[in-house]
Amino acid sequence: AQSVAQPEDQVNVAEGNPLTVKCTYSVSGNPYLFWYVQYPNRGLQFLLKYITGDNLVKGSYGFEAEFNKSQTSFHLKKPSALVSDSALYFCAVATNTGFQKLVFGTGTRLLVSP
Amino acid sequence: EPEVTQTPSHQVTQMGQEVILRCVPISNHLYFYWYRQILGQKVEFLVSFYNNEISEKSEIFDDQFSVERPDGSNFTLKIRSTKLEDSAMYFCASTPTSGGYNEQFFGPGTRLTVL
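From first to last, the protein sequence lines are chains A and B.
Residue numbers 1 to 114, in the numbering used here, belong to the letters of the first sequence in order.
Residue numbers 1 to 115, in the numbering used here, belong to the letters of the second sequence in order.
Source of the hints: derived by calculation from the structure; they are not laboratory data.
Bear in mind that the values here come from a model prediction, so they are computed numbers and not experimental data.
Treat the hints with care, since some could be wrong.
[As the list claims (entries may be wrong)] Derived lysine-lysine pairs resembling DSSO-like cross-links, with alpha carbons at most 30 angstroms apart: (1) A:69 with B:42; (2) B:42 with A:77; (3) A:58 with B:83; (4) A:69 with B:83; (5) A:22 with B:42; (6) B:57 with A:22.
Given only the sequences and the hints, what does the whole structure look like? Please build it.
Next up, the structure:
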């Protein structure tokens, strides 16, 4: 069965500093990996995805993520955090079998302080 | 930019009552989904729907739940007899095609409170 782990409930970072939000996954077969962000009272917004190819994928708002097959990880990164990045971040996985049911992690709250 | 919309934003109901949550997916999308998020917990898949049929459903999606696309635009989730444990945020999502590589477009959610 597919699963995603986000080991940190909250990540605190100062504005201007780099940030990393961690995600590890478990699937049988090839993974399709996604990051979504949720702002208060809003739905889930797509940030980026890994399907195949280059292990470093770039997405919206300056975010990027690195796929590491050997460590089964897909950590979200940003070189310089903004206060406006403060939100709830979800990692999710789907596979290439059947329809694209997404399996989500528990979410990580990112708090960027001025 | 086209977006998925959901109504109502908040629904309060008494235990045992029926509720219908409504979603308008993006107009050219063909695959539709419902997820739920119990407060403080992860987002969980409920059901996927394509060509007027359920494609896949989770163990959560029991006989109390049903989905329907009553017209060309709406996609509804019905809970026939609500329970306290149905209190959650319900998200609708859609994609233009099948395939796990497609990102899903989510609506803002409906917060269901069962009293």
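Results for each hint:
{"no.": "1", "hint": "A:69 with B:42", "result": "holds (24 angstroms)"}
{"no.": "2", "hint": "B:42 with A:77", "result": "holds (21 angstroms)"}
{"no.": "3", "hint": "A:58 with B:83", "result": "violated (42 angstroms)"}
{"no.": "4", "hint": "A:69 with B:83", "result": "violated (42 angstroms)"}
{"no.": "5", "hint": "A:22 with B:42", "result": "holds (16 angstroms)"}
{"no.": "6", "hint": "B:57 with A:22", "result": "holds (29 angstroms)"}
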